[in-house]
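Protein sequence lines correspond, in order, to chains B and R.
The first sequence begins at 1 in this note's numbering and counts up one residue at a time.
The second sequence begins at 1 in this note's numbering and counts up one residue at a time.
It is worth saying that the hints were derived from the structure and are not from the lab.
Any given hint could turn out to be false.
What the hints assert, rightly or not - Restricting the straight-line Cα-Cα distance to at most 30 Å, the calculated cross-link-like pairs of lysine-lysine (DSSO-like) are: (1) LYS421(B) <-> LYS308(B); (2) LYS260(B) <-> LYS116(R); (3) LYS137(R) <-> LYS112(R); (4) LYS260(B) <-> LYS228(R); (5) LYS13(B) <-> LYS260(B); (6) LYS423(B) <-> LYS137(R); (7) LYS251(B) <-> LYS228(R); (8) LYS74(B) <-> LYS260(B); (9) LYS394(B) <-> LYS260(B); (10) LYS260(B) <-> LYS24(R); (11) LYS251(B) <-> LYS112(R).
For reference, the chains in residue letters:
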Amino acid sequence: MHILRATIIKDSKILLRDRVGLFMMFFMPILLVIVITSVQNSTFELVNNNKVSLVVFNKDEGPMGSQLVEALHKIGLFKLQMADSSMSEHNIISVMYDKDALVAVVIPANFTAFIQHKADGIATRALSDPDSMQVKSLAAPELTDSLQMFYHPVMQVSFRQSIEGALRSSVQVIQGETIVKKLYSAVNQKEIPTDLQKQILFSQFPITEIPVSRTGSRTIPNASQHNVPAWTIFAMFFIVLSLGGTMVREKNSGSFIRLKTMPASYLHALYSKQLVYLTVTILQAAVIFAIGNKIFPYIGLPALHLPKDIVALFIVTAVTGYCAVNYAICIGVFANTPEQSNGFGAISIIIMAALGGLIVPSFAMPAHLQKLLQISPLHWALEAYYGLFLEGGKLGDIWMNILSLLGITVLIQILTLYGLKRKNLI
Amino acid sequence: MSISAIKIQDLAFQYPRQEGICFKNFNLEITAGERFGLFGPNGAGKTTLMNLMTGLLKYSAGSIRLQDHEINDHPKSINTIFGFVPQDFSFYPELTARENLAFYGAWYGLNKKQIKIRTEELLNVLGLASVADRIVKSFSGGMKRRVNLAIGVMHKPQVLFLDEPTVGVDVQTRHAIINYLKELNETGTTLIYTSHQLEEATELCNKIALIDDGKIIAHDSLDVLLEKHGHEGMEGLFLELTGKRFRD
Chain B
1 MHILRATIIK
11 DSKILLRDRV
21 GLFMMFFMPI
31 LLVIVITSVQ
41 NSTFELVNNN
51 KVSLVVFNKD
61 EGPMGSQLVE
71 ALHKIGLFKL
81 QMADSSMSEH
91 NIISVMYDKD
101 ALVAVVIPAN
111 FTAFIQHKAD
121 GIATRALSDP
131 DSMQVKSLAA
141 PELTDSLQMF
151 YHPVMQVSFR
161 QSIEGALRSS
171 VQVIQGETIV
181 KKLYSAVNQK
191 EIPTDLQKQI
201 LFSQFPITEI
211 PVSRTGSRTI
221 PNASQHNVPA
231 WTIFAMFFIV
241 LSLGGTMVRE
251 KNSGSFIRLK
261 TMPASYLHAL
271 YSKQLVYLTV
281 TILQAAVIFA
291 IGNKIFPYIG
301 LPALHLPKDI
311 VALFIVTAVT
321 GYCAVNYAIC
331 IGVFANTPEQ
341 SNGFGAISII
351 IMAALGGLIV
361 PSFAMPAHLQ
371 KLLQISPLHW
381 ALEAYYGLFL
391 EGGKLGDIWM
401 NILSLLGITV
411 LIQILTLYGL
421 KRKNLI
Chain R
1 MSISAIKIQD
11 LAFQYPRQEG
21 ICFKNFNLEI
31 TAGERFGLFG
41 PNGAGKTTLM
51 NLMTGLLKYS
61 AGSIRLQDHE
71 INDHPKSINT
81 IFGFVPQDFS
91 FYPELTAREN
101 LAFYGAWYGL
111 NKKQIKIRTE
121 ELLNVLGLAS
131 VADRIVKSFS
141 GGMKRRVNLA
151 IGVMHKPQVL
161 FLDEPTVGVD
171 VQTRHAIINY
181 LKELNETGTT
191 LIYTSHQLEE
201 ATELCNKIAL
211 IDDGKIIAHD
221 SLDVLLEKHG
231 HEGMEGLFLE
241 LTGKRFRD
């Protein structure tokens, strides 16, 4: 115990005197969490609050082109900017860059003719004997020019598809309106009243979004709830840069040679590092969560709401930190140089973060990667944190994740012991 | 009858994946209480032998007995018998001299009180008391050498291995180290010492061995060897026995 205590004091003093190291361990993860949450928050706001800049080139001289523009406006997703309709494709691209627009839509010249022709055909079929030869011979009209959507290549597929969906929905509203007008006037021999037209076309069924929560809480998860736990795990595992490098430097230094000739076991040095750096990872998480909870609202970010089960939060954080520390020690034992430790350590953490669902949600991954993600300790840590932060769960709801994380930690420790024996370090 | 501090019999050792045998049928006995100097040119095997005697390297055949304990398969607890002062600085430069001594003292199994007393003693004897609470990183080369030595003798070992303890130091520090080692020897500590400083053989050692290519080429007291080979100083003897070709 005396040896362990002396070693803990030694490791703590060395750590506390390395100001650059401390800066890297505390300030950089905080910066990382703030930057990632800000970026993700602006994506949230882009979809929910901000409007996508859309340039419209209306080449249609009939009413339907203007109605489509009006329908796009009513969706509320776009900030519309009208451009000269006579422009060539090359000029359209230039205008998009000039107006800093992500999307441009070109409404073709025969758009009104196409919609009306289609509405006529559908109304005629709807009001006629469906078996008559005249009806059967009515061919579906074709649009000679398509509706074109130009998009900036930075736009992700999912976002592009939602814009395309909005565009299709607007076209369908106009088509539906035209068909209803045709049918009404054919049946009633007069124009459709405006209020009835609106009632038919725009009385959408309301949809209420309800986040699932084990506690029944209806708090809507924000960018902080998603990102702060995820990137805290990442920061905790990034301790490999400090601890792995320290392990290698100590192993290659004269001090280690002397320790090997001493009566005490080198395992004391490993236990000390586990305890000292576990404390560091728990402090990292505590500082980041506190900043998320108290400081984020002052810098324009949504506040991080801490889970109700604080004991469970501490246990998950401690187990995650313990796993991160053991992973760093394992890398430090096998690496021969600090460069090997830092290079392999950093890249392996990024790979495990990607596999663990920190970068892309695990449900969006292909099936073969979904099996592979189970080997990533970051995945189990993230699942446990999400169980607490997003689902409002308690320790009983996330114990399987904690056990899995502990299981991976034990495997890492076995590998470390093998490395220590193979390298004649114990 | 004299008691052996170290007894090496039929030692064989070869570095893995390296050509050439370091030691084969190597024999050496160092009596308890001796100030034994191990001299030889670069690559002769001095540091390798030191690492084998301290258990840092495992030998493939033969035996090295430290007092009555076989080095290859002894429990770690008997490492309290000896101290080791490696050639490289073997301490934590981020800690102060006092903190280094406290840490290594605990690893040698000393209790808090023993550590405190011994630390003050060594800091005073080795002239480090005034800088005891300064970070070792800021020390001069000579001060670092003295810290390196102090750690090795923290637990008052019965046998002390020193691998070039005076390399790169000024005359004053060398003088202080040699004097301290003599005092330590007078209290019963066996010194096993390697160096390139040939004059230290005269100043410190009462028995020397010259080794080259993993073999002992001379082993006796310095006076006997000088007389036997007809030399007045260690340098002439050294060059006669090991030759003048470069070894590095």
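These are the hints, each one checked on the structure:
| no. | hint | result |
| --- | --- | --- |
| 1 | LYS421(B) <-> LYS308(B) | 44 Å, violated |
| 2 | LYS260(B) <-> LYS116(R) | 23 Å, holds |
| 3 | LYS137(R) <-> LYS112(R) | 25 Å, holds |
| 4 | LYS260(B) <-> LYS228(R) | 41 Å, violated |
| 5 | LYS13(B) <-> LYS260(B) | 22 Å, holds |
| 6 | LYS423(B) <-> LYS137(R) | 29 Å, holds |
| 7 | LYS251(B) <-> LYS228(R) | 46 Å, violated |
| 8 | LYS74(B) <-> LYS260(B) | 76 Å, violated |
| 9 | LYS394(B) <-> LYS260(B) | 46 Å, violated |
| 10 | LYS260(B) <-> LYS24(R) | 25 Å, holds |
| 11 | LYS251(B) <-> LYS112(R) | 27 Å, holds |
Checked against the numbered hints above, the structure breaks hints 1, 4, 7, 8, 9 and satisfies the rest.
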